[in-house]
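These are the residues of each chain, in order.
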Amino acid sequence: MGAATSRDAMLDLAPFWSPIRLTLALATITTAVLLLIGTPLAWWLARSKSRWKEAISALVALPLILPPTVIGFYLLLALGPHGPGGWIAGMRGARTLAFTFEGLVLGSVVYSLPFVVQPIRAAFAGIGERPLEVAATLRASPWDAFWSVAVPLARPGFLTAAVLGFAHTVGEFGVVLMIGGNIPGETKVLSVALFELVETQRWSEAHLLAAGMVVFAFAVILAVFHLEKRGAEARR
Amino acid sequence: MVPRARRPLMLGLGVQTPLCMALLGLLAFGSAARAADIKVAVAANFADPFKEIAAKFEASSGHRLVASLGATGQFYAQIVEGAPFDILLAADRATSAKAVREGYAVAGTAYTYAVGKLVLYSPTAGVVDGAATLKAVAFTRLAIANPNVAPYGVAAVETMQALDVLDALRPKLVQGNSIAQTFQFIATGNAELGFVALSQIATLAGGSRWIVPETMHAPISQDAVVMTGAKEIAAAQAFLTFLKTPQARSIIEKYGYGGGD
Chain U
1 MGAATSRDAM LDLAPFWSPI RLTLALATIT TAVLLLIGTP LAWWLARSKS
51 RWKEAISALV ALPLILPPTV IGFYLLLALG PHGPGGWIAG MRGARTLAFT
101 FEGLVLGSVV YSLPFVVQPI RAAFAGIGER PLEVAATLRA SPWDAFWSVA
151 VPLARPGFLT AAVLGFAHTV GEFGVVLMIG GNIPGETKVL SVALFELVET
201 QRWSEAHLLA AGMVVFAFAV ILAVFHLEKR GAEARR
Chain Y
1001 MVPRARRPLM LGLGVQTPLC MALLGLLAFG SAARAADIKV AVAANFADPF
1051 KEIAAKFEAS SGHRLVASLG ATGQFYAQIV EGAPFDILLA ADRATSAKAV
1101 REGYAVAGTA YTYAVGKLVL YSPTAGVVDG AATLKAVAFT RLAIANPNVA
1151 PYGVAAVETM QALDVLDALR PKLVQGNSIA QTFQFIATGN AELGFVALSQ
1201 IATLAGGSRW IVPETMHAPI SQDAVVMTGA KEIAAAQAFL TFLKTPQARS
1251 IIEKYGYGGG D
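Residue numbers (this note's numbering), protein chains in the order written: chain U, 1 to 236; chain Y, 1001 to 1261.
Excised from the complex, chain U in its bound form (with noise of 0.2 Å):
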């Protein structure tokens, strides 16, 4: 096969491009739909008073305790033609949104909510009512204030939310396994491609590819504490 006599040639850099491609648009596209329904429903938490609020908030947080497998069998259900993804795949031909990126993209939000909602809402949480309210004599509307008010002062939050969601999906690995069925171009994200180059012991490449990560991860790790120092010193 391929891999055995890949195993000993040189180090080969090109299969690393397609899966980092897909990778990073992965994440960025996962991180854009998470702000979008990210920032209402972190709003909402922060300052609603209803009822249904704790349920809600241990609904977003759910996927930080869940295995991956679990997500990845619900989805996997889900995405198929006899649940409600395979109806959407319909629309368009297809039989299915597993092994699609629409799919990949679908199961990173669910997987990564937690990591872009939690973030927002504190900060929300930690603006107060009083530039609101100062906001709201000042004759701005809700809208208004919403935008001109909270969201400048909620910054930081919004930045880590950004950074984390995006670093949580590249990370991402047994949803995508569960679901991507292995295409190259298409759902073979990096934390596969490392998968199959270890259980093939094609070891310079995973080590490579490994090494990569570590950096990776540890430059966001410092990214965000970086901008957690700032907000503090922002609202000193």
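Honestly, I wouldn't trust all of these hints.
What the hints assert, rightly or not - Chain U stretches covered by chain Y per the calculated footprint, using a threshold of three residues with CB under 8 Å from any CB of chain Y:
1. 85-99
2. 196-202
To be verified - A few chain Y residues that don't get close to chain U, going by computed Cβ distances all over 12 Å:
3. L1069
4. V1080
5. G1108
6. K1172
7. L1204
8. G1207
9. T1215
10. T1228
11. P1246
It should be emphasised that the hints constitute simulated quantities derived from the structure, not laboratory data. Ideal Cβ positions, reconstructed from N, Cα and C, are used throughout, including at glycine.
Chain Y: place on chain U using the hints.
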């Protein structure tokens, strides 16, 4: 408060310790033929027959079989890294031969316990109609096992090459990480059809299937071998011997495998 609460606990332990030791002693030396836990790496295609055979073996020997299911290539990588298996039931001949060559498996213990059959399968009737199905390409997704780690994936690729349809089908392929995941892709309906092991569907009624002629791919001779690092070598060998008994053979054949050595 605290010391008072602790004292009875220590007292309890003091009474229990000799009892525990006695029990442990009983477990270790009490029975004449010591019961062993045999760790077996089982190629995913052999999962169902293994379960049946294991029940019979455990009842007659008193040993216990602890099975790990997965793709053969995956097991090989784990064995190289020191996985504590006593036996490897591979899905091919090459992996066990390589393990013997590299010193991970005991020379002379390898033998073919089953010859696998590849089948093109769909749970829907009428979907699979021989090789013509592969040429017509009237489907969106065809599931195969990852040929880099799973011998049934290799056989699937060879079959598509023999029919000269591999390039046409490549955009339709989805890869399971083992033959078990491949079957799961089909069973959940996410792929309409796929190449699986006959053993996985031998006891299922309905659907549509095409047993791939063995001329279209290299034979899937599945070899068993005892690992060098085995902690339970005698028990492991007893199980391999049991695999050759008519009782075990009839189960293996029931699942559609051809005869071994």
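Each hint tested on the structure:
1. Against chain Y, the stretch 85-99 of chain U contributes 6 residues with a C-beta closer than 8 Å to a partner C-beta. That satisfies the three-residue criterion, and the hint holds.
2. Here the stretch 196-202 of chain U counts 5 residues with a CB under 8 Å from a CB of chain Y, which clears the bar of 3, and the coverage holds.
3. In this structure L1069/Y is separated from chain U by more than 12 Å, as the shortest Cβ-Cβ distance comes to about 15 Å.
4. At the 12 Å boundary, the C-beta of V1080/Y falls inside the reach of chain U, the nearest C-beta of that chain being 7 Å off.
5. At roughly 25 Å from the closest C-beta of chain U, the C-beta of G1108/Y stays outside 12 Å, upholding its exclusion from the interface.
6. For K1172/Y, the shortest C-beta to C-beta distance to chain U comes to about 10 Å, within the 12 Å cut-off, and the non-interface label is violated.
7. The Cβ of L1204/Y sits about 18 Å from the closest Cβ of chain U, beyond the 12 Å cut-off, so the non-interface label holds.
8. No Cβ of chain U approaches the Cβ of G1207/Y within 12 Å, the least distance being about 15 Å, so the stated non-interface status holds.
9. For T1215/Y, the non-interface assignment is confirmed: its Cβ lies about 21 Å from the closest Cβ of chain U, beyond the 12 Å cut-off.
10. Annotated as non-interface, T1228/Y keeps its C-beta farther than 12 Å from every C-beta of chain U; the closest such distance is 18 Å.
11. Listed as outside the interface, P1246/Y is consistent with that label: its C-beta sits roughly 36 Å from the nearest C-beta of chain U, beyond the 12 Å cut-off.
In summary, the numbered hints that this structure violates are 4, 6.
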